[in-house]
Amino acid sequence: MTAILPASDLSRNDLRQQLRQRRKALTPAEQHQASAAVLRQLMKFPSFLRSQHIAIYLAGDAELNPAVIASKLWKMNKQCYLPVLHPTRPREMWFVHFSENTPLKTNRYGIGEPDPFQNHKLPANLLDIALLPLVGFDRQGNRLGMGGGFYDTTFAFKLNQPVRKPHLIGLAHHCQEVDALGVEEWDVPLSAIATDKELITPAR
1 MTAILPASDL SRNDLRQQLR QRRKALTPAE QHQASAAVLR QLMKFPSFLR SQHIAIYLAG
61 DAELNPAVIA SKLWKMNKQC YLPVLHPTRP REMWFVHFSE NTPLKTNRYG IGEPDPFQNH
121 KLPANLLDIA LLPLVGFDRQ GNRLGMGGGF YDTTFAFKLN QPVRKPHLIG LAHHCQEVDA
181 LGVEEWDVPL SAIATDKELI TPAR
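Numbering (our numbering), first residue to last: 1 to 204.
If you're looking for bench data, these hints aren't it; they were derived computationally from the structure.
Don't take every hint at face value.
What the hints assert, rightly or not - Quick list of the computed label-pair ranges, beta carbon to beta carbon: (1) 13 <-> 90: 18 to 28 Å; (2) 110 <-> 13: 13 to 23 Å; (3) 68 <-> 4: 17 to 27 Å; (4) 182 <-> 77: 40 to 50 Å.
To be verified - Simulated pairs of lysine-lysine, DSSO-like, Cα-Cα distance not exceeding 30 Å: (5) 24 <-> 197; (6) 72 <-> 44; (7) 158 <-> 72; (8) 24 <-> 44; (9) 105 <-> 197; (10) 105 <-> 72; (11) 165 <-> 105; (12) 44 <-> 197; (13) 105 <-> 121; (14) 72 <-> 165; (15) 165 <-> 75; (16) 197 <-> 121; (17) 165 <-> 78; (18) 72 <-> 24; (19) 158 <-> 44; (20) 158 <-> 197; (21) 75 <-> 105; (22) 105 <-> 78; (23) 158 <-> 121; (24) 197 <-> 72; (25) 121 <-> 72; (26) 24 <-> 105; (27) 105 <-> 44; (28) 75 <-> 197; (29) 78 <-> 197; (30) 158 <-> 78; (31) 121 <-> 165; (32) 197 <-> 165; (33) 121 <-> 78; (34) 75 <-> 44; (35) 78 <-> 44.
A virtual CB, placed ideally from N, CA and C, is assigned to each residue, including glycine.
The whole structure should be built from the sequences, with the hints applied where relevant.
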């Protein structure tokens, strides 16, 4: 079993590097098994089954791949959305509807996006659930991302209204857990974390 990484003696950049190395060490078979296991954990989250508008992401850098989750959502007739960089507001994102057949364009970070002017856009506060990638997490619901601040900026309204939709669920391999993350005032906490081992719902 992979040990929980102690975070107190590491800078955020060093912590990111170690956690990224952990997930990159997983084999393709382990990655696939983890994605299927995370879907099973998500099915335990009551709001997941009730939700209609769900944001996911396209995995990169050995992130937990939600492709199998998207396939399940489409079979359940759920509406899926991908984050798209806002053209004029730094660090903000739109959420744009997409399906299996939606063409994608590559953004400046090399990530595929649906065309926001050819597909329906949904404001972040009208999503029911957003599934978020992460580099690290702790059991208090704190999330360590890649450092760009896009999700924290986009969901900043939840800092003052934490019970407001959407539910933010981080997807992770269990090896990405740390004991306790340092928290900045702009960090938006997660409603839950779904790993290949369990569904973690922090007390609020």
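Run the distance test for residue 121 versus residue 78: straight-line Cα separation, threshold 30 Å.
Within the cut-off at roughly 15 Å; holds.
For residue 197 and residue 121, compute the direct alpha-carbon distance and say whether it is at most 30 Å.
The hint is violated at about 33 Å.
Check the hint pairing residue 121 with residue 165 against an upper bound of 30 Å on the C-alpha distance.
Holds, at about 17 Å.
Does residue 44 lie within 30 Å of residue 72 when you go C-alpha to C-alpha?
Distance ~14 Å between residue 72 and residue 44 Cα, so the pair holds.
Does residue 197 lie within 30 Å of residue 24 when you go C-alpha to C-alpha?
Satisfied, since the Cα-Cα distance of roughly 18 Å is no more than 30 Å.
Verify the proposed pairing of residue 121 with residue 72, using a straight-line Cα cut of 30 Å.
holds (22 Å)
Taking only the CA atoms, is the gap from residue 105 to residue 197 under or equal to 30 Å?
violated (34 Å)
For residue 158 and residue 44, compute the direct alpha-carbon distance and say whether it is at most 30 Å.
holds (23 Å)
Taking only the CA atoms, is the gap from residue 197 to residue 72 under or equal to 30 Å?
holds (19 Å)
Given a hint of 18 to 28 Å, does the C-beta separation of residue 13 and residue 90 actually sit inside it?
Roughly 21 Å apart at Cβ, these two residues keep to the hinted range, so it holds.
Starting from residue 158, check that the Cα of residue 72 is at most 30 Å away, please.
holds (27 Å)
Between the alpha carbons of residue 165 and residue 105, is the straight-line distance 30 Å or under?
holds (28 Å)
The structure is inconsistent with the numbered hints 9, 16 and 27, although it conforms to all the rest.
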